[in-house]
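Participant: Just so you know, the sequences run in chain order A, B, C and D. All letters in the first sequence, in the order written, are residues 1 to 362 by the numbering used here. All letters in the second sequence, in the order written, are residues 1 to 362 by the numbering used here. All letters in the third sequence, in the order written, are residues 1 to 362 by the numbering used here. All letters in the fourth sequence, in the order written, are residues 1 to 362 by the numbering used here.
Take every hint as true, because none was put in to throw you off.
Copies of the same chain are indistinguishable here, so a pair counts whether it falls within one copy or spans any two.
Derived SDA-like pairs: lysine to any residue, alpha-carbon spacing no greater than 20 Å straight-line:
| no. | residue 1 | residue 2 |
| --- | --- | --- |
| 1 | LYS110 | GLY127 |
| 2 | LYS9 | THR82 |
| 3 | LYS34 | PHE243 |
| 4 | LYS34 | ALA230 |
| 5 | LYS34 | GLU263 |
None of these hints come from the bench; they were simulated from the model.
Residue strings, one per chain:
4 protein chains.
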Amino acid sequence: MPRPAVPAKAALIQIGACGVCGTDLHILKGHWPKPLPWPFTLGHELAGVIVEIGPELTHDWIGQELAVGSKVMLPPLMPCGTCYWCTHYPETANKCLTPVYYGRYLGFDKPPHLWGGFAEMVYVDLGMLPGTKVYKVPDDMPLRLAALSEPLTSCIRAFARAQRIGGFRVGDTVVVQGSGPIGVLAIAAAQEMGAGRVIVVGAPEQPRLALCRSFGAAATVCLDDHPSPAERIAAVRELVGGFGADLVIDCSGHPSAGPEGIEMLRDGGTYVEMGQFTDAGAIETNWHRICTKDINLLGSWAFTANDIPQGIAMLDRARDRYPWYDMQTLFPFTESALGDAIAAAMAMRTVKSTIIPCEGLD
Amino acid sequence: MPRPAVPAKAALIQIGACGVCGTDLHILKGHWPKPLPWPFTLGHELAGVIVEIGPELTHDWIGQELAVGSKVMLPPLMPCGTCYWCTHYPETANKCLTPVYYGRYLGFDKPPHLWGGFAEMVYVDLGMLPGTKVYKVPDDMPLRLAALSEPLTSCIRAFARAQRIGGFRVGDTVVVQGSGPIGVLAIAAAQEMGAGRVIVVGAPEQPRLALCRSFGAAATVCLDDHPSPAERIAAVRELVGGFGADLVIDCSGHPSAGPEGIEMLRDGGTYVEMGQFTDAGAIETNWHRICTKDINLLGSWAFTANDIPQGIAMLDRARDRYPWYDMQTLFPFTESALGDAIAAAMAMRTVKSTIIPCEGLD
Amino acid sequence: MPRPAVPAKAALIQIGACGVCGTDLHILKGHWPKPLPWPFTLGHELAGVIVEIGPELTHDWIGQELAVGSKVMLPPLMPCGTCYWCTHYPETANKCLTPVYYGRYLGFDKPPHLWGGFAEMVYVDLGMLPGTKVYKVPDDMPLRLAALSEPLTSCIRAFARAQRIGGFRVGDTVVVQGSGPIGVLAIAAAQEMGAGRVIVVGAPEQPRLALCRSFGAAATVCLDDHPSPAERIAAVRELVGGFGADLVIDCSGHPSAGPEGIEMLRDGGTYVEMGQFTDAGAIETNWHRICTKDINLLGSWAFTANDIPQGIAMLDRARDRYPWYDMQTLFPFTESALGDAIAAAMAMRTVKSTIIPCEGLD
Amino acid sequence: MPRPAVPAKAALIQIGACGVCGTDLHILKGHWPKPLPWPFTLGHELAGVIVEIGPELTHDWIGQELAVGSKVMLPPLMPCGTCYWCTHYPETANKCLTPVYYGRYLGFDKPPHLWGGFAEMVYVDLGMLPGTKVYKVPDDMPLRLAALSEPLTSCIRAFARAQRIGGFRVGDTVVVQGSGPIGVLAIAAAQEMGAGRVIVVGAPEQPRLALCRSFGAAATVCLDDHPSPAERIAAVRELVGGFGADLVIDCSGHPSAGPEGIEMLRDGGTYVEMGQFTDAGAIETNWHRICTKDINLLGSWAFTANDIPQGIAMLDRARDRYPWYDMQTLFPFTESALGDAIAAAMAMRTVKSTIIPCEGLD
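Isolated chain A (complex conformation) (with noise of 0.2 Å):
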């Protein structure tokens, strides 16, 4: 691939680290609800260093100065700010009628080619595509730790929706079904947000359940050892106590997951729906249990340009909080490598698969 020129208000950017997204495999097994612009480079959990910036791309999306050297993370998903929906659904903006979607929506043949994370530069243009968005990063935070504000971003969005609407309060007991990265993720969150208790239910217990006590997690609740979802309801409602649990988020992806978690719930509680982001399928659902428990059901996509500094933020102060970096299984950018991020983490044996595609770069 050549070097592309780099215009005014663009800037080339050398890719550090790059996770590999539940999303990512949800796209390689067909969930994903729309037409998507094959070929495409996948990859867009992506923090990396500007390596050649315009003169008119001066500042971040928070006013933050760029420069050649400055550590940036890209989102996948950007609202343009100036679409019908964005200017009249700020608060929604995460539903942008016209984003900037790298990783996804920006083919591969559209020049100069570098529109996704698996790569090792990444190419941002205002110029072509003013609604793109670049966020600065600490200049001391590692790139691979700056690979995780994105999805760590979706969880405090989900949590945020909660806690808007009075569904997340101080020390309320939160279940997360689910210990993928995004369960992982959700652990610190939820702690970082005010919960009072965090109870996993997923599997296997290695790698998956052990890191997640190691986030905090003052339980789990092991699939393999709960196969049916009444003994799963169970074992939660023996662990949380009371009534039920105040908040239960879904960060599991599995169709089952709603039906299942709103039995985990205490009546008047709050469950959220950030798991099935890609269609996955349809379940039998009783929507008497959600009337009669009188709940509150939210469901949360992806998020909006102005959450994506939280998730950097929080990184950044809860740095020494949580084992970062033990949810992450490096793999270096060669095609097979590649290839194994992707079936390691299809077959549950990493957390989080990251691509590090220029050693040294941290």
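Given the structure of chain A, go ahead and fit chains B, C and D onto it with the hints provided.
Facilitator: Coordinates of chains B, C and D only, in the frame set by chain A:
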């Protein structure tokens, strides 16, 4: 039935009107999810006049004076106010652990046997059942109007739940699923609480949808003309315009309402499930749609003791704004008429079959 | 004034009605807290008819088609939508850093000089001032009614602020301080948004308090009869009963409103300060009362671009529910009449002095 | 004092630690706004061990088992749960009409005289005062730590009020006015509830501001170096950057905090007034600033019975995250030491003077 003695904190109430509720019909169909103390007296939308009162029952729940001749209503569900739930989760006291429950859980066998609304008299006794709550209605409010205050309260609380979370704002376009009594009352409640436009999906055109329009519905979509969910969704979206409805509320009690209704919503909108009050079964549901549409979904079940005065007050101040009586079909209190009232409601020939146990008591 | 050329994104609007706002009076008294570009054309509650329009100005802010003959209104404050504030704090875009500002900040010197409502024509140009927002009003809405949409929007937004935090619930007792135009419109807005009872404190009885009652105020307390704060507080509390009002809103613009108004509230109630739009001075305030009464206190200043359609829509659907025209006193557009209009408003002989620049344009 | 008999629902508690509260100091200065039953025993931040208990007092307020040897704390204010206010406004039960009130409203004359914390024993009797609430603390929690749970609860509730209205979001920059015990505890509570940065305005540097920084304050502004409000506002705004703080909370008890603090806020920010718990006088306030800054202002006074467990639980889970003991200066329970403890607190030589009535009880 012998006229009971009336102790110090008790009262005997002559019933002027009692509505037949959809829940009564669901109970008769076996949809009530828990055991019931058969035999018991159905009927819980009741309004009457105090004919005898003990010396210590001096005020109603909100401090209004009570005396012989006072018009009152009783709701079915009266949270006790003293159980662990009521004291620790007062905002959702509708889920009280030990409620007083007229027309359902007080078995006929329990003396003095007058625990339901399909009767000439109903008995309250705060000595025997301290959680009992009596609500005075204005002296000049006809009893058959007062009999609507309980179902109207359910609608108000459902919308208030949505309002409290920012999911129902002034001017919002509201879609009501269901054109039975709850649907009709929801039309009034929505407008009184600031809705911009109300659109109803239901059947049949006569008497139900016509009545909905006379209550202010801007448009109606008839199930008979749009037999499939896809057609109804398309018809509603055509009427609503833009991105879809701001709020959709299930007042139908049909299990399919949920998955269908969320497709009528704009992204970021709010769905309120108050219709599946009893258990009419499960339905295939794609939770990915809840996630990707980034919606709020609220279950609202019944009401608390502090909601009821809102129903009475709204009925009072909006007395002349809606054709309340047009929704009621009156039946005398005879065995055959009671059967007719229920049969007519089940067949949707009436909207709100209403029993008038004591002719002339107004 | 020569008739200006109308470029591609511009329009020339013939003004049918323009209200005299309390802010106009405060500006004339020197209460505006920042420098103003004297000379400029006052008048910002304006409605008119498009008489010429450029080919690229095809739709209003919410996507309605515009053409010669379309009735429109312009608000004074138009958030730009692109500054740092607007993009990062869109929920409070009323505090935009670089708004387009009719009737105040666009100096007369700036060609084509038509930047205010006390004139026959007003000019908009989205090429020159891209933040400009035009709002279509219904074809059958009289322009003098449309001229009320901007101040009504201010009231709606103030109540919506309270509603969003749970501080204004259906059936609430609302006390309005002030019986000028904002006070009167607040009576309507409160009822349309679910208030149970509205009580007004103001003066004089004629024409103001009488008008308040015709707008639905359940009772009024006259300053002339209750000259001291203690008397007014006692009178309001007597009328309200119980523990005090649920919500008190300052629509008076008098500095004393706040400390007086919070004593009319029940503990845990909500006070909305929308009256001190300009700086009329400070007042002794005991913040212990705010603390110990455990109240919410909200400042609400103007509105965002997305609020205005709510004002137009409420005016439209509630057209027949309030005697809107009774609040307006019409003045022709002559130099002496303009002076009379302002003098009458200042002397509280009128409620809403309204200039009719073009007789017969309705 | 003779050791009292302990009836069926009573208990006798040996006090291990009792903090000296700012309210105690304000009471001694005459700032309490209502008559008090002099003489009475001050001291209401108390923790101790049950030494005798009646057979019917089996569980604490949240259902935990009580026995001789159980560690417990008592708050000063215990809402009765049965008055009109408690039953109709349970969310603000802190304003209960007939609370049980330790350390203040239970006069010394009332047998068995043990109604305050500056004593060796305190007595509870749910037979005599049914609103009394006892809260178990974890067996392994030192009593002097438990003595912080009541003031910490006040801080939590204040922030929770802000969170509930969307006025305190994860990552927010929080300014705390006041570096006394409430200010220090607010630093911890803010961080535990998701604050991004906390900045404190107070004095003196030693011991107070140094302690604030050890509790995690990112920066402090000293009154001694910034004697005027304008200097403090400028210093805070310089530290905060951007448009000002997201949330400012008064923990100072000084009347000037309010008008000064709102100038530290960004527009649209939230001010919480929890410092003016007692009446220290009024201050010139420009309510135009509240209006034009479009802010939220919340009074938060004490707590409800359901808030206290949050204080205990936060103290428990964050036991190792803050240097709690560094804020306490211990005094034995002698007449002269009690005077010293109060004098030291008044002179701001200590942060939290803490009485240890029973040495060795831990």
